[in-house]
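Here are the chains, one letter per residue:
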Amino acid sequence: MPEILDQARTQVLGDGVGLDQAGVLAVLNLPDEHLPAALQLAHDVRMRWCGPEVEVEGIVSLKTGGCPEDCHFCSQSGLFTSPVRSVWLDIPSLVEAAKQTAKTGATEFCIVAAVRGPDARLMKQMREGVAAIKAEVDIQVAASLGMLSQEQVDDLVDMGVHRYNHNLETCRSYFPNVVTTHSWEERWETLRMVRDSGMEVCCGGILGLGETVEQRAEFAAQLAELNPHEVPLNFLNPRPGTPLGDRPVVEGKDALRAIAAFRLAMPRTILRYAGGREITLGDLGTRDGLLGGINAVIVGNYLTTLGRPATADLDLLDELKMPVKALSATL
Amino acid sequence: MTTTELWCDRCGEPATDGAHPGCASARQLEPPRYCHRCRRRMKVQVLPVGWSAVCVEHGEIEG
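Going down the list, the sequences are from chains A and B.
Take the first sequence: its letter number 240 is residue 240 in this note's numbering, and every next letter is one higher.
Every number in this note's numbering is 1000 more than the matching position in the second sequence, counting from 1.
No lab work stands behind these hints, which were simulated from the structure alone.
Each residue gets a CB set at the ideal place from its N, CA and C atoms; glycine is no exception.
Mixed in with the good hints there might be a few duds.
[To be verified] So the derived list for chain A, only partly shown, Cβ under 10 Å to chain B, looks like this:
1. Leu-30
2. Ile-59
3. Pro-83
4. Leu-89
5. Lys-103
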C-alpha cells in the first residue's frame, strides 16, 4: 500500500481531516495499479463522513448564450464563434422544468444564467421564477448567476434560494489562462459574501482545461480552504468554436484519480458528478466514481448539452444500494 | 441524418457532400444548433428532460 494511502486512512478516514495539497498531489500521481485502492478508500471516507445517501439535482438555463465573459471552455460566451444563440426561458417553462426535475426524485433545482452578474431584469425574473416554483413544486431552489453584489446576495436570500453556485473553475495560478475578463479573486469575493449570508456555498470547477497535475492539486487545496457545502466536478467537454474546443478529453483513469483525490481533500463535502462525465467516464466509469467518493449527481440534461436519461442514473443508484437523499434530510 | 437534409444540424456544413460521423456521434449528447433546411442558427433551449430548437424560417422542433 502506498504511503499516502496509509496516511489518508488514518488522517482522513479515521480523523476526518482532509489531505493537504502535497497529499492530494501524491494521490493524483498514484500509478494505475493503486487506483482501485485509492477509490475504495475514498468510498470508505464518503460512507463514514457523509453516509450512503446521494443528492440528486437538476439544472436549467434561465438565460442562455450571449455572455460578455471569455471563459475559454464555455460555448455561451458571446466572444467566440460558438453556434449557441442567446435565449431566455419564460417562467411557465421554468416551473415546468422544476416539475420535471422533481419527478426524478431530485431535491435540488439549480437555475443558471450565462452572465457576468445579474442585472435588474434577471433579478426580477429570478424573483418571479423562484416564487412560482415554490408555489407549485416541492424542491429546493439553488442559483448560479455569476458574480454578485452584496445587495443581490441579500435579495437571493430573501427569495429563499438556499444554495448558490459559483465555480472557481480551476486553481488560482491557472485561472488567467482560462478567463481574462475577470479574476479568480473576484469570484472568491462573491463566494465570501454568499457564505457570510448563510446560503450554502456550491463551488467546483472543470478538470482538463490544460492545467498540470500540480495545478489540479492546488485547486483541490484551494477548494478545501473555501470549505464549500458542495463541489461539482466537471470534466471538459470541448465545445466547438471555443478556445478549448480542440483539447482532448480527460483520460478516464485520471478522472477517477481526481475524484478520489478531491474526496480525500474534502471528506465531508457533497462531491457531485457534473458535466462531461458521459464522454470522460462512460457508464462503467460513472459507476466507479460513485464507488470512489462521489455522493451527488446532476441528472438529465445540462445547460447546452444532453446527459444520460435520469432513469439510467437512478437505476444505477438503486443497484448500488445508494438511497436518493430525501427532501427534508441534510447530508 | 436523412437524405432530405441539406445542412448538418451540428456543424452547419453541407450535408450533401458526405456523412458527418463525428457530428452524428456528438449529436447523441447535444441538441441541434443549425436548421438542416436553411443553415440558420437556431434558438435552442435545453431542459432537464428534452430540448426545443426554433428556426425563424422553419419553426420549432423538439427532442
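Go through the numbered hints given earlier and state which of them the structure violates, listing their numbers in rising order. 1
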